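**Student:** Read in order, the letters of the sequence shown correspond to residues 24 to 657 in the working numbering.
These are calculated hints, taken from the structure and not from any lab test. All figures in this text were calculated on a predicted structure; none of them were measured in a lab. Honestly, I wouldn't trust all of these hints.
What the hints assert, rightly or not - In silico DSS-like pairs for lysine-lysine, Cα to Cα no more than 30 Å straight-line:
no., residue 1, residue 2
1, K26, K265
2, K602, K630
3, K598, K275
4, K296, K309
5, K199, K105
6, K334, K322
7, K168, K394
8, K322, K291
9, K26, K105
10, K275, K542
11, K105, K275
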Amino acid sequence: MLKINNLFLKYGDRVLFDHISATIRNGERVGLIGRNGAGKSTLLKLIEGEISADGGTIEVPKESTIGFLRQELSFDRDQTVKEEAMKAFEEFIALNERLENINVELSTREDYESVEYAKLIQEITDISNRLAVFDNDNPEALCSKVLKGLGFSIEEMDRSLSTFSGGWLMRVEMAKLLLKQPDVLLLDEPTNHLDIESIIWLENHLSKYPGIILVISHDKAFLDHITNRTIEVELGRLFDIKKNYSGFEVEKKNQSQILQASFENQQKEIAQKERLIEKFRAKASKAKMAQSLIKQLDKMDRVEVYGEDTKVMKIRFPEPPRAGREMVKVEKLGKSYGDNEVLRDVDLVVERGDRIAFVGQNGQGKSTLAKLITKDIKSTSGEITLNPTVEMGYYAQNHHETLDLNSTLYDTLYHACPPELTTRVRSILGSFLFSGEDIDKKIKVLSGGERARLSMACLIVNPINLLILDEPTNHLDMLSKATLKEALMNYTGTLIIVSHDRDFLSGLTDKTYEFANRKVREYLGDVNYFLEKRAAEDFRQLEQSYQEKKVKVKPEKSEASPPKQDQNIQKEIQKAEKKINQLEGWINEKEEKMSVEGFYESSDSEKIIKDYQQLQKQLQEAEAKWEDLVSQIS
24 MLKINNLFLK YGDRVLFDHI SATIRNGERV GLIGRNGAGK STLLKLIEGE ISADGGTIEV
84 PKESTIGFLR QELSFDRDQT VKEEAMKAFE EFIALNERLE NINVELSTRE DYESVEYAKL
144 IQEITDISNR LAVFDNDNPE ALCSKVLKGL GFSIEEMDRS LSTFSGGWLM RVEMAKLLLK
204 QPDVLLLDEP TNHLDIESII WLENHLSKYP GIILVISHDK AFLDHITNRT IEVELGRLFD
264 IKKNYSGFEV EKKNQSQILQ ASFENQQKEI AQKERLIEKF RAKASKAKMA QSLIKQLDKM
324 DRVEVYGEDT KVMKIRFPEP PRAGREMVKV EKLGKSYGDN EVLRDVDLVV ERGDRIAFVG
384 QNGQGKSTLA KLITKDIKST SGEITLNPTV EMGYYAQNHH ETLDLNSTLY DTLYHACPPE
444 LTTRVRSILG SFLFSGEDID KKIKVLSGGE RARLSMACLI VNPINLLILD EPTNHLDMLS
504 KATLKEALMN YTGTLIIVSH DRDFLSGLTD KTYEFANRKV REYLGDVNYF LEKRAAEDFR
564 QLEQSYQEKK VKVKPEKSEA SPPKQDQNIQ KEIQKAEKKI NQLEGWINEK EEKMSVEGFY
624 ESSDSEKIIK DYQQLQKQLQ EAEAKWEDLV SQIS
């Protein structure tokens, strides 16, 4: 159990936490949400003990362990990926050694009634309880399983850490935390460095986590899949609802409406009593009545309506210039970094009006192709032809590295503006939530979210007919992401977007390019269509692989009737397939209902969401059962 008691923290004149309290119990997976700068990361640092509050306390049981996914990493870069991840079991190994030493000592002692003997027995109990947390049958196999889930191949597990980027090193750190299984797991934007496949694996892993999870994320789909409670940090307060993010949105809106109605009714009552007081006060015969009304007002429990931080960017892309039909043509394109071949013989055409998503595992070439199109890097082979009419805008994943850290916000945007807009620099900055003295700040003091907003402002001041965005939602909060998505939905030019955020991509694009094994494959639909097709293909490939395995192992029996045991299993497989098809049909029905406008305001939305989540869980169980049955075919 984790208790936050009357916590108060102030930075300068700003109150970050105004005497907040919360109790989080084992098994609760809490999504910590709020605007950028609201204090979410600070709250995790307070819980972990990295910083101290000005008042209040945070209580964690003495024997509990806390794991914190930090953004700053410190590794021995000469270690391999697996060697570093296996450090998660240092406690497990040490506990086993201590347990063995105690057993040896007990075998030589006969002072069964002594205090020292009792202490050793108690220590055995404590160690056994702690060891029960670990999968102690095969730590190395478990380590490989977690690393594979987070995107590492078997070969990569034996590579030196020095050969990996910061994003992949963050995955190693996450693997160590998951293997340690701390009682309280603190995750700050864990999906920022993960691709869609790794995010889905992490969702499944965390949904069964036995301890407490507090996770900061702006990925709606991720939060919906793993959390069962949502706490919003807003203007120094906590808004706490025991539902996932989608349920939180509905419940908060309902509670806010009820609270507003109660406030308005009470204000009418107060106004009426005040009028009567003024009316009766001047009359001696009514003086007692006036005093009685005054006492009623003094005793009244006033309803308070708190303000909300609803400020959002105002993004509107200029009308794109007229463009030719074939905007980008990629022919036999290859790209290598030394011995590392990323892309090979890639052919594709981007036509005017296309809305394309680049998806796939990290390191498969998504950002590389974006940079090749923008001419930021050169190809190893093949060529890219841009239509002469192309006016390109590019939002780089490492946009913060392209900014002059010693420049001010005003100067940065001024130099990005065409001449006709230089007089509007202040108003444009204001529409991106920079006002007053903010415009004279140096870039180096800005947060990640603030730099992202400034980069977006620099992007939209020029007319663009080909817009390329590489991970644009990193560092943006929920409201900012929703604002950007709405602006992109209204953008009439050609769009290429690299992202792992399924909720953001949903409905935004009409083509999906999957990057894998140095190739690019096209799917004619959005990210949801892609994921459905991929799941179906994986399902068929798994079935086919087992069928091939059967023929290869026992070809001489291919014409004979299968053994009775296999016949029984085949019947069970058919039942499982029927169940899977049935569940998928029900899930599609729920999704259709959830996609209707105004769904979340309907009275039965909460039940439908709950049923949908239960069906998703049943589908996972049914698919797991099917795989197990197929693997039993002799």
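**Student:** Could you run down the list of hints and mark each one as holding or not?
**Tutor:** Verification of the supplied hints:
Taken as a hint, the K26 and K265 pair is honoured in the structure, with Cα atoms around 16 Å apart against an allowance of 30 Å. A hinted pair counts as satisfied when its Cα atoms are at most 30 Å apart, and K602 with K630 qualifies at roughly 22 Å. Using a Cα cut-off of 30 Å, the hinted pair K598 and K275 is violated, with the two alpha carbons roughly 42 Å apart. In summary, the hint linking K296 to K309 is supported, as the alpha carbons are separated by about 14 Å, within the 30 Å threshold.
Between K199 and K105, the direct Cα distance comes to roughly 10 Å. Compliance with the 30 Å bound is thereby established for this hinted pair. For a cut-off of 30 Å, the pair hint linking K334 to K322 is broken: about 36 Å separates their Cα positions. Using a Cα cut-off of 30 Å, the hinted pair K168 and K394 is violated, with the two alpha carbons roughly 33 Å apart. A distance of roughly 16 Å separates the Cα atoms of K322 and K291; the hinted pair therefore holds under the 30 Å criterion.
Note on K26 and K105: the hinted pairing is violated, with a Cα-Cα distance of about 35 Å set against a maximum of 30 Å. Between the alpha carbons of K275 and K542 the distance comes to roughly 45 Å, so the proposed pair goes past 30 Å and is violated. Distance hint between K105 and K275 is unfulfilled; the C-alpha atoms sit about 44 Å from each other, more than 30 Å.
In the structure shown, a violation is registered for the earlier hints numbered 3, 6, 7, 9, 10 and 11, in ascending order.
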